[in-house]
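Novice: For the protein sequence lines, the chains are S and Y, in the order given. The first sequence runs 2 to 650 under the numbering used here. The second sequence runs 2 to 650 under the numbering used here.
Each hint should be verified, as a subset may be incorrect.
For chains that are exact copies, the list does not tell them apart, and a pair is met inside one copy or across any two.
Stated by the list, open to error - When the alpha-carbon atoms are kept at most 16 Å apart in a straight line, the in silico EDC-like pairs for lysine to aspartate or glutamate are as follows: (1) 443 - 477; (2) 316 - 121; (3) 19 - 65; (4) 19 - 97; (5) 433 - 371; (6) 617 - 650; (7) 635 - 650; (8) 356 - 317; (9) 572 - 590; (10) 478 - 442; (11) 454 - 392; (12) 572 - 609.
Keep in mind that the hints were calculated from the coordinates and are not lab data. Small disclaimer: the values here were computed from a predicted structure and weren't measured.
Number of protein chains: 2
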Amino acid sequence: MAKWIWYPFDYEVYHSLKLHARREEYGYRRPCCWRQDDCWHDVVFRKTAVLAGERKVRFCANGEGHLVIDGQRLPYGEYVLGPGKHELEALVCKLDGLPCAYADGGEASTDESWEATCLDGRWHPAGCSDFYREPEDNPEVFPFAYEPIPPVSAEEINGGVLYDFGKETFARIAAKCGGVPAALSYGESREEALDHANSIVRDRMEAGEERLLPPRALRWLFVTGPRENFSFSAEYEYLPLEYRGAFRCSDEKLNRIWDTCAYTFHLNSREFFLDGIKRDRWVWSGDAYQSYLVNNYLFRDGGLTRRTIAALRGKEPFTRHINTILDYSLYWVLSIGEYYADTGDAGFVRSLWEKMVSLMEFCLSRTDKDGFATEHPGDWVFIDWAPLDKEYAACAEQMLLAAALETMADCAQLAGADGQGYRQKAAALREKIAEKFWDEEKGAYIDSFASGKRLVTRHTNLFALRYGFAEGKKREKILRNVLQNDAVEPITTPYFKFYELEAWCEMGELDFVRREILSYWGGMLDLGATSVWETFDPRESGAEHYAMYGDKFGKSLCHAWGASPVYLLGKYFLGVKPASGAWETFTVEPGLGGLEWMEGTVPTPRGDVKVRCRGKIAEAAAPFPSGTLVWGGKSVPIPAGETVFLEAE
Amino acid sequence: MAKWIWYPFDYEVYHSLKLHARREEYGYRRPCCWRQDDCWHDVVFRKTAVLAGERKVRFCANGEGHLVIDGQRLPYGEYVLGPGKHELEALVCKLDGLPCAYADGGEASTDESWEATCLDGRWHPAGCSDFYREPEDNPEVFPFAYEPIPPVSAEEINGGVLYDFGKETFARIAAKCGGVPAALSYGESREEALDHANSIVRDRMEAGEERLLPPRALRWLFVTGPRENFSFSAEYEYLPLEYRGAFRCSDEKLNRIWDTCAYTFHLNSREFFLDGIKRDRWVWSGDAYQSYLVNNYLFRDGGLTRRTIAALRGKEPFTRHINTILDYSLYWVLSIGEYYADTGDAGFVRSLWEKMVSLMEFCLSRTDKDGFATEHPGDWVFIDWAPLDKEYAACAEQMLLAAALETMADCAQLAGADGQGYRQKAAALREKIAEKFWDEEKGAYIDSFASGKRLVTRHTNLFALRYGFAEGKKREKILRNVLQNDAVEPITTPYFKFYELEAWCEMGELDFVRREILSYWGGMLDLGATSVWETFDPRESGAEHYAMYGDKFGKSLCHAWGASPVYLLGKYFLGVKPASGAWETFTVEPGLGGLEWMEGTVPTPRGDVKVRCRGKIAEAAAPFPSGTLVWGGKSVPIPAGETVFLEAE
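Here chain S stands alone, though its shape is the one from the complex (with noise of 0.2 Å):
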């Protein structure tokens, strides 16, 4: 089966750039905020293709250029080719787009047996999709799905008409102009589309003008104007994934809320993982992180994670933090290492290897002599929306720099490298961690040792519970003084709520994850959310709700960080996770965390899992073996392709 090919990671490149090119803003676009990688324009493809009898073969360009068979240049076409050996080159050249080759002609078939270079020198294998197998599709389109959505109601109002379409989505709309010009307003809320000068998306028609707008997050539309002067049709776009993940349980609430956060998070589910559809409509590494996870409990689609990881990092020279955020890179070389246990695929380590130890090399030029990565100009400490103590070296960077700097460790080996040396760092920095953050006296780490405040953050401290810098007595320390302690300030992102939560049900602690939870998230649908929005706060009131960033209508009304219940539910609750590398084994210890009863399925790369509780029984059962459950202090094999029950005591 033929493929279309290009230079490797290509494609994620030229579809991040189209991707962070379209942010609107008050009729404006509103460009990405840092460095944009083009694809190479000029692209060499090439193969040693042996042919076991004659075959005619379909040469085709996404650009110009020609071929050289054997030795030979001649232009683009259709050619037989006799039985054995050929050099086959074909080049392309596309100024303003993604040059790509496709042939299409058995062993001469264009696929990830070419190699490709930019003509620096070095050949790579090429990179290709199973979305673009015939000869007319075009790597340059994305593979969106439509399908017609109707609002559902209209409503004359304020010299205008109001169009609902009943929930959160992302729709184009063909729109066509009567007599009078219209103006548009997008609204994620009733009051945004209400509020024209104050819409972050907006548009106009010209009288008499019929035009296709462009894709947009929205649930209701207001047009001015007559109904009868304004006629359109809107269209869902959305990347055609399979929901493999389920979780339905006793409480339907908390069924709305896995419902509304695996809604919220295939909206935000496209070339690439989005943090939300109005705004950023960016790709952002430390959201990205989180969504790997959910994609594992919910699509399992490892086209859209590869493609991720590869868009964020995009090309040499890395001269600049990704998304300029010193934690954001260091997320990255830790979701390659994640990528790589939970799935096995070394190939893709092996792809990125350069990339990675160019960055890790920028990362390390801006450590101290403690090996702590320190604040350069340009460079942005994050961690989160929070007062941390960020002063001269945060804590917490330097717990994801040494567990990244393992993560280099484990990789090399799979690139045929010498990871000794990240190894080393690895294990020198932990050791200056624990001298200069550790706090005994008030049994947690503190955000920073140069200020004298010697601050105790939530945030600092779940980073240690996540990247091993938490065993035995400074386990039990910090989750008394920091995550039971009330004194400690509260996490008030669903960004960090995220590790939070995952904190509480790594300790068991089901039944109150699942009240944060219902209380959290059950507060958004109280409040008619039909997406999880970017923050929540419920002291707030009507609009206020809406308002970040300066602008009245600013939040991000559906936003992928509030996926995490999606995770949570299905690796604690539900209790499926991997035993040992790429899911060779896995455990099912179901917690039912206060509900009476739930079942669903967790996607693995090896089959989905089926769950059931009720009461004092759990079954599971998957199509593969090596599998255990955990249940009521018991444990049985799950073998492949039979259902197991379990009842405790």
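With the hints as your guide, set chain Y onto chain S.
Specialist: Showing chain Y alone in chain S's frame:
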């Protein structure tokens, strides 16, 4: 005066990308064989403008984005700014082109005082050009001029019509095809135009089609079918450049040679200095290095030299030699030093300094313990199309490297960097070159010490003369044992003939050089050449002259590297040369070299110098001071604006 601004050197990168994709061959595009970079597509410009009064400022963008004026985000448009300080930012995103900004309004106007960033955290002075001063100008369009150029004759032959434009030209053709499809063949030679199957550039018009064909090199155009089936008009496309240099003498043939060289050079002086207008239509650093010198004695268009230098270097990371050729990387460094010596333009050096450093780091990473640049996989050690001995380390490359290291040391000072390391490396390398490559017995430098062949070529010894490896007795020995030694293989390319004739000129052998020019260049004119060919071998006949690289009409018949007589006649016959940096002082030391009389003009950065010689009398004039006329053993200062005479004894 406002100018459009862009990220520094992105104008050059963008036009270079387009240029290098235009080469055609047998009906298909032949993409360039080295890495092609693209401009950044997402750029921010800024300036702190202090307005003396209220200003109406019109902001425009080539692309999409927005402004930030004093912290407030606003769409592009016209704004009235009050007197005083304003923080101005313009964000521009253009995915398929060159993002540019324009502001027109007093002290807020865009020009080189604005800064630009590609969002990598660093700001640089913005790029701009006098070409683009009006809001309706588009920096994506190169400002070529067009003039109607009708064919001088039409001949019905071979079932079609052969149009002759009278001389080599570069033209776009607006064509209209009648009821019969037509095949077009472009010919730099009559033979090529008449041989559709082998003509390098060809096209096809469908019945009834009307089309503006892309500009191409040609003298002859052959169109199949009856004359009335095909109508067209042609326009000469060129960069309007002033012919500041001039040369006339008592030898009419030499005058025609100068004219033909100047015209050939003009045809190749476009966005950048091309090698040839039909083939390759690319920018090669070795060819360009000579073009900078010719330019100094003809157009003295500094913009063209700077654009070419910037385009050749492209973007980071530097992972392969310029044009893939080791010597071409080194010429690039040398060209910056020579440009500075000629103009005193330190700003240009500073703007490229980081790129010089990374290029030199790359070169040095490929040197051995003696400091010799050796060949690495993917590198091309070229020097010339000649049977040189390049085993392990070619002497000519080491000489270029030593000179390039000295240029680095000189330029470091201008950039405020420490150049001592380069200086030391250069000195050590010079010693090693003398030790390993000077053959006292042969009284010459050998090409390579590794092969044991101890081959002596003109090339290596010409470089010894040119780059200061032949002082005193060594120089005399090289002249006797190599240059004046018929047993040493002759130079066969006009490319290296440049350096050979320059060396003869430096020795004062003008009569010999005149006869060489008349024989070699005159030989082409005798065969009807209207532009200088890529190579010329008088032993060939007829269409043999047009073949190259295995193609029947593969030779370029309009090749810039053949324009050296313009440089040689200006610098050594008219004798106008700088005596110190940036022409602060200069000499006019004419030499008739066997001519009865000559007169001409040499453009300098300070103004045009006029020279006239007849028999024993020489006269010179310049509109600026500090010149010296040297003639017949005497010398006299040239006061500004006066003509001085000297008569030889």
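Novice: Which numbered hints are broken by the structure, listed smallest first?
Specialist: Hints that this structure does not satisfy do not exist here, as all of them hold.
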